[in-house]
Amino acid sequence: MTTSISPPDTVPEEKATGHRMPFWVNQRLGLLVLVIGLSVLFGVLRPAFLDQRLVLFPLLRDVATLTVVALAQMVALSVGHMNLAVGRMAAFGAMFAGLGYDRLGLPMPVGLLLCLAAGAAIGAVTGWLIARTGVSSFVVTLAMDFALLGLVSLLYSALTEDAAFTTRPSRIDELRSYSLADICAGPICGSPAIPQIAQFTVLAMLGLGFLYGCTRIGRELLLTGANPAAAELSGIPTGRRVLLAHTLSGLLAALAGFMAAAGTGTFRASIGNDFMLPSFLGAVLGGTLLTGGVVSVLGTLLGTALVGVIRKGLDLLGVGLESLNIHLGCVLLLALSADRIRTVVSCRKVVRST
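Under the numbering used here, the first residue of the sequence shown carries the number 1, and numbering increases by one thereafter.
Worth flagging that the hints you see were computed from the coordinates, not collected in a lab.
For glycine and all other residues, C-beta sits at the position ideal for the given N, C-alpha and C.
Do not rely on the hints blindly, as some may be mistaken.
Stated by the list, open to error - For each label pair, taking beta carbons as the anchor points, the in silico distance ranges come out as:
id	residue 1	residue 2	range
1	R240	L316	41 to 49 Å
2	V33	V202	34 to 42 Å
3	Q199	V135	31 to 39 Å
4	V202	L159	26 to 34 Å
5	T167	L29	43 to 51 Å
6	P237	D51	50 to 58 Å
7	E161	A230	36 to 44 Å
8	G207	I36	22 to 30 Å
9	G37	C330	14 to 22 Å
10	E232	G37	40 to 48 Å
11	L233	V44	22 to 30 Å
Based on the sequences and whatever the hints tell you, model everything.
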């Protein structure tokens, strides 16, 4: 789902001319074609790429986690902000879940709720600071990133001996190793390539799709990102919307941290260290504008899947880590260029329609 705010008196060019946009212009369709095409290509070059249990299952588990990370960034971008602390917020939230499991013996659902509450709280503090001080989100979230880096490390050092909580509640191992093939309705079972942990990603996507596509608050978030001054004049409480966006971003980051911890089996201080680049890649490739006002929940999934397929395929082809990072950096550069081109084209369409 792509959701955007446009001036009410503009008419899309394709409607004015009576023609629909060509299918290749549709970004989500293009991403889907790329994901399928690259999967087939890597499968031909390395048949092991299509192994459901050994390759596709861990690939989709990583995609599920990184999609939630990208959704956390997408929510911040929807109001024209960014969250540079998304990885540290993931570690902060996961730390509370691990603490609850290790020291309090909490069941898995209660620990997950504690994790989400911690992530939402630190996100709310970040949003409050931005709204109250007027300081750029870049500066505030960068400062929060450094603050949480030190805080999380200190707390792990004080509370654990090896900088990790290793106690795992019942059912968390199922999230790490079980697939839909373990869920059967009579003789019909799911795919062994799709992990059960992906259910969290689906729920997050459905919730955000409903928020931005069907609610007034979602539209106010987008309008705040598209034109904060106009939103303020329209009576929208932009400060509260900024607070809400960062609260949701922190909550989703914490959910991603929990999923990452469930995937590895330990709650450790290093969770989220590599979340920054994927958070922007998935969101921007999916069609979310860096300037705010436009988000794409489904596009974020496809963008993250594209990055995951490229990473796994190049890894199977023997591309080193350094070369892989160069390739991903080039992909991000192209995505940022496409974002700028989309903005210019949209402005020209508005000018021509008026």
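Do the hints match the structure? See the list:
1. The beta-carbon spacing between R240 and L316, approximately 47 Å, falls within the hinted interval of 41 to 49 Å.
2. V33 and V202 have their C-beta atoms about 22 Å apart, which leaves the hinted 34 to 42 Å range violated.
3. In this structure the hint that Q199 and V135 lie 31 to 39 Å apart at CB holds, the actual value being about 38 Å.
4. Against the hinted window of 26 to 34 Å, the Cβ-Cβ separation of V202 and L159 comes to about 33 Å, which satisfies the hint.
5. Range check, T167 to L29: about 45 Å between beta-carbon atoms, so the 43 to 51 Å window is met.
6. For the pair P237 and D51, the beta carbons lie near 52 Å from each other, so the given range of 50 to 58 Å is met.
7. Separation of E161 from A230 is about 55 Å and departs from the stated range, judged on CB atoms against 36 to 44 Å.
8. Range check, G207 to I36: about 27 Å between beta-carbon atoms, so the 22 to 30 Å window is met.
9. As the Cβ distance of G37 to C330 is approximately 18 Å, the hint placing it in 14 to 22 Å holds.
10. At about 45 Å, the beta-carbon gap between E232 and G37 stays in the expected band of 40 to 48 Å.
11. The given range of 22 to 30 Å is broken by L233 and V44, whose C-beta atoms sit roughly 56 Å from each other.
Comparing the model with each earlier hint shows violations of hints 2, 7 and 11; every other hint is respected.
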